[in-house]
Amino acid sequence: MDQRRMAFLFFLTETPCYHWTVLWIVLQLHAMGCIQSIRCKPKSFRDSITVLDLSSSIDSSPTIIDETSSVVLRYRTPHFRANARVEVPPIATKETWTIGWIQACNHMEFYNTYGDRGMSSWELPDLRDGKILAISDSDGVNYPWYGNTTETFTVVGPTKRESKFTVSMNDNFYPSVTWGVPVSD
2 MDQRRMAFLF FLTETPCYHW TVLWIVLQLH AMGCIQSIRC KPKSFRDSIT
52 VLDLSSSIDS SPTIIDETSS VVLRYRTPHF RANARVEVPP IATKETWTIG
102 WIQACNHMEF YNTYGDRGMS SWELPDLRDG KILAISDSDG VNYPWYGNTT
152 ETFTVVGPTK RESKFTVSMN DNFYPSVTWG VPVSD
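Per the numbering used here, the very first residue in the sequence shown carries number 2; after that it's consecutive.
Worth double-checking, as some hints may not be accurate.
What the hints assert, rightly or not - In silico SDA-like links for lysine to any residue, alpha-carbon gap of 20 angstroms or less:
#1 K165 <-> E96
#2 K165 <-> T94
#3 K95 <-> D138
#4 K161 <-> P90
#5 K95 <-> E163
#6 K165 <-> T114
#7 K165 <-> R86
#8 K165 <-> T51
#9 K161 <-> S49
#10 K161 <-> T51
Simulated from the structure, these hints should not be mistaken for laboratory data. Since we're looking at a predicted model, the values are computed, not measured.
The whole structure should be built from the sequences, with the hints applied where relevant.
This is the structure:
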């Protein structure tokens, strides 16, 4: 049977918008879609997963402001980029490992003030109220992954030797903010 398990590897870095970018190792299980911890693997195997190189950067370009719409202001921040070169030891059994990036928000403060007319905010109530520690920033299409091209890599066992590969991701903030206080009737 093709076993799949899920394991948290490490937090990489905090981006300017209070998002944590995380590299995950995931093995997905066919039976009932169950996700189990990498702790099921021997400690020697877990300790053999190595991040050989890690880099992150934020582009030096300025934030771009677009005021052409009469309804919303748009702005685009510089891109955050991250790369990780990973080595996975040989896999002795028929397992499928997917290694990749996720992004989770653990704090958000996004307020827009409109002088004495009011304010608007973008809030995640469960996060704000401390009911959850973080929330996925996946687009939902590739959940839990941040994407499905350079953001993930899959190793299918059994393998006779270690696998080395690079996973990379980039992101930027591109919101639309109304010119006036958003209200509903």
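Task: In rising order, the numbers of the hints this structure does not comply with - done: 3 and 6
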